[in-house]
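Listed in order, the protein sequences are those of chains F and B. If you use the numbering used here, the first sequence corresponds to residues 1 to 396, in order. If you use the numbering used here, the second sequence corresponds to residues 1 to 396, in order.
There could be a bad hint or two in this list.
Same chains, same label: a pair holds when it works inside one copy or across any pair of copies.
Stated by the list, open to error - Capping the alpha-carbon separation at 25 angstroms, the derived lysine to any residue pairs in SDA-like fashion look like this:
(1) Lys-148 x Gly-165
(2) Lys-39 x Lys-184
(3) Lys-344 x Gln-84
(4) Lys-184 x Tyr-309
(5) Lys-393 x Gly-97
(6) Lys-79 x Asp-189
(7) Lys-154 x Glu-122
(8) Lys-374 x Asn-30
(9) Lys-39 x Thr-226
(10) Lys-234 x Glu-26
(11) Lys-25 x Phe-227
(12) Lys-79 x Lys-184
(13) Lys-148 x Arg-128
Derived by calculation from the structure, the hints in this document are not laboratory data. Small disclaimer: the values here were computed from a predicted structure and weren't measured.
Letter by letter, the chains look like this.
Number of protein chains: 2
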Amino acid sequence: MSRIPRIVILGAGYGGIVTAIRLQKELNYNEADVTLVNKHDYHYITTHLHMPAAGTDNPENARVNILRLIDEFKIDFVKSTVTQIRPQEKKVLLEEGALSYDYLVVGLGGEPETFGIPGMKEYALSIRSINSVRFIREHIEYQFARFKREPNRKDYLTFIVGGAGFTGIEFVGELADRIPPLCKEFDVDPSLVKIYNIEAAPTALPGFDPELVEYAMNVLRNKGVTFRISTAIKECTPDGVILATGEQLKAATVVWTGGVRGNHMLDEAGFETMRGRIKVDAKLRAPGYDNVYVLGDCSIVMNPEGRPYPPTAQISMQQAGVCAHNLVASIRGERLKDFEYKSKGTVASLGRGEAIGIVGTRKIKGSVAAVMKKVIDVRYLYTIGGLPLVLRKGRF
Amino acid sequence: MSRIPRIVILGAGYGGIVTAIRLQKELNYNEADVTLVNKHDYHYITTHLHMPAAGTDNPENARVNILRLIDEFKIDFVKSTVTQIRPQEKKVLLEEGALSYDYLVVGLGGEPETFGIPGMKEYALSIRSINSVRFIREHIEYQFARFKREPNRKDYLTFIVGGAGFTGIEFVGELADRIPPLCKEFDVDPSLVKIYNIEAAPTALPGFDPELVEYAMNVLRNKGVTFRISTAIKECTPDGVILATGEQLKAATVVWTGGVRGNHMLDEAGFETMRGRIKVDAKLRAPGYDNVYVLGDCSIVMNPEGRPYPPTAQISMQQAGVCAHNLVASIRGERLKDFEYKSKGTVASLGRGEAIGIVGTRKIKGSVAAVMKKVIDVRYLYTIGGLPLVLRKGRF
Chain F
1 MSRIPRIVIL GAGYGGIVTA IRLQKELNYN EADVTLVNKH DYHYITTHLH MPAAGTDNPE
61 NARVNILRLI DEFKIDFVKS TVTQIRPQEK KVLLEEGALS YDYLVVGLGG EPETFGIPGM
121 KEYALSIRSI NSVRFIREHI EYQFARFKRE PNRKDYLTFI VGGAGFTGIE FVGELADRIP
181 PLCKEFDVDP SLVKIYNIEA APTALPGFDP ELVEYAMNVL RNKGVTFRIS TAIKECTPDG
241 VILATGEQLK AATVVWTGGV RGNHMLDEAG FETMRGRIKV DAKLRAPGYD NVYVLGDCSI
301 VMNPEGRPYP PTAQISMQQA GVCAHNLVAS IRGERLKDFE YKSKGTVASL GRGEAIGIVG
361 TRKIKGSVAA VMKKVIDVRY LYTIGGLPLV LRKGRF
Chain B
1 MSRIPRIVIL GAGYGGIVTA IRLQKELNYN EADVTLVNKH DYHYITTHLH MPAAGTDNPE
61 NARVNILRLI DEFKIDFVKS TVTQIRPQEK KVLLEEGALS YDYLVVGLGG EPETFGIPGM
121 KEYALSIRSI NSVRFIREHI EYQFARFKRE PNRKDYLTFI VGGAGFTGIE FVGELADRIP
181 PLCKEFDVDP SLVKIYNIEA APTALPGFDP ELVEYAMNVL RNKGVTFRIS TAIKECTPDG
241 VILATGEQLK AATVVWTGGV RGNHMLDEAG FETMRGRIKV DAKLRAPGYD NVYVLGDCSI
301 VMNPEGRPYP PTAQISMQQA GVCAHNLVAS IRGERLKDFE YKSKGTVASL GRGEAIGIVG
361 TRKIKGSVAA VMKKVIDVRY LYTIGGLPLV LRKGRF
């Protein structure tokens, strides 16, 4: 009797968890051993993290226990941190132990890309996990409490967000919404609070429709956000940032949303990478390794014009569908599918009741877009956990 | 026509606000000008501050807007900080401006007494105002968030409370109640959290019935509190405390409840003081100044055995009654009253559902005492603000 193939999935982000759920449905009994490895015992909804980071929603609404999403009789779950991938040996090392595989799915997620800006890694916060967003929320509240003890420290009430991409804009929208209740709670004059959103590119939300970008910036300006576009940050210090112009902005809080790179473990594993990402083949495999699938922030997929798609939850989930299909097909000796990205639209929230988006070729904004954003959130919960999850985490 | 006398009340704590409310009732139209001066536009319920400090209640429940308590047509309210008292000139200086008086009521409250322990003033937190308790609450939460980023920093989860007097014990009880929900919220193993209550005296709650003290300590030990009694703190550092034994306890949070002294402005004003307190005469006046009444933490009243009563809310409020009476009597040329303290009982809370107390000669403990504590709280709200205030702030 031949041994059944062993599939190891690294990471329970969008790519990993959706791959696991699909495999669980599609594989027959004893067709493969599937093991999902994740640092935490929960999956988190990265696209939602800007809300708990600002404190406008509870972090519990941004995470789901993994054992509620997978069937432990069909999939093994190992809570551990991956420390090394050894593709030659078909092995991954964990903080506690090691796992061998026949097929590997790498969905480890990305890391902040600070582009070598001095001090950014050390002093800026980033929105990347439940732990990090709880920290940011507490850090923000703490600055208000500190200010009441040292009222000459205006820098406690200055918040700098580096990067006006998707995450930066969505976070700034929530933060601006959070300021009035915080001012009320701590008896702080709202006019003392400053929010700066700084972007090196010549526009906020690069790649987005300019008319919608203009709309978004106006919404955020009206909430008190000051934009500094076409302005690079030269250095981040414990006291704030220094701009390329030489100007210094003092702030006790700097949140960096300016870039995402892939995972350092992929560089270390000997794969050919670009900023920690692997340019996958049409089947989503790492070049040279027919048994290694790479998803999400760890992967690069080119659009028809030959430029990489930005890494989003949407593309990760679509990749996961193809990845699961290809794994099953490989095991069964069937034909593999090519991955092709189909955009279902993009919506960026701008805080309570406001958003902008593109659905098909249609531009949407304001409350219509905000409702659309909610629909997308709910659709995702439904995809991974069905109606019970929608009811538990849907915030109605 | 003779000028009407001017009464200035400094501080809207228990002594000041109750004096103001009584004067408002007892004085006839145009009998006196009364001005109440306070740093904030709210009165706070000091005996309740241990709860918002630990985060077990909202700070809003511990404060009341002053203009809801006094009638502005009868009493002027000045929101300002007192900077100097000049009893010879019958004048007080404020941060903005100055006030002359014929009668002065000093209810400025106390300050932490650190007994010269090095570093205590600089590095320890104290439970003394709405701003300070919001800070302590945020500081505690922040340590949990920090620990998740730096899991080797066990000192983030160590909380040292210096002093096991009334405030120390009540705070420790609330803090112990707050730990389990914080551990749940931040995914922290509760066994990593340490609470130390350190007291230099040979017993917790010095002066309280030993049987009740024993009961209280057992309740708190079962909630996870470690007591170090008969143990002096030699020094407070940014990293924790050093005990007289030389032992070092590392902690990111030290809350000092070990002592209260009077107000430094009384020392500076040339009154005869003991640790910032004035030993008042039988009518509650500062020796040598028949027109200066001193209440609460700023005053010393001796018990029949010739030892000072501990400063409590209860004694302040009783003083306020006599003070108001004596002010009215002075103005009318009537006879002044002597102050005599009548204990109505004392209850110390030990967190949710637990307390100890003495009512008359009866010892009470457990849920009976906890209910009694609530009754006392409600009675106070009723005294100052009537039924509407009880309903607004009563936490039912």
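Here is what the structure says about each hint:
1. Lys-148 x Gly-165: neither (33 angstroms within a copy, 27 angstroms between copies)
2. Lys-39 x Lys-184: For Lys-39 and Lys-184, only the inter-copy Cα distance (18 angstroms) is at most 25 angstroms; the intra-copy one is 38 angstroms.
3. Lys-344 x Gln-84: neither (35 angstroms within a copy, 69 angstroms between copies)
4. Lys-184 x Tyr-309: Answer is neither: 42 angstroms inside a copy and 38 angstroms across each miss the 25 angstroms cutoff.
5. Lys-393 x Gly-97: neither (34 angstroms within a copy, 55 angstroms between copies)
6. Lys-79 x Asp-189: between (46 angstroms within a copy, 16 angstroms between copies)
7. Lys-154 x Glu-122: Close inside one copy (22 angstroms) and across copies (21 angstroms); limit 25 angstroms.
8. Lys-374 x Asn-30: neither (39 angstroms within a copy, 63 angstroms between copies)
9. Lys-39 x Thr-226: neither (37 angstroms within a copy, 33 angstroms between copies)
10. Lys-234 x Glu-26: neither (50 angstroms within a copy, 67 angstroms between copies)
11. Lys-25 x Phe-227: This pair counts as neither: shortest intra-copy Cα distance 47 angstroms, inter-copy 56 angstroms.
12. Lys-79 x Lys-184: Classified as between; 18 angstroms across copies, 41 angstroms inside a copy.
13. Lys-148 x Arg-128: The answer is between: 13 angstroms across copies meets 25 angstroms, while 30 angstroms in one copy does not.
The structure fails to meet hints 1, 3, 4, 5, 8, 9, 10, 11 from the earlier list, while all remaining hints are met.
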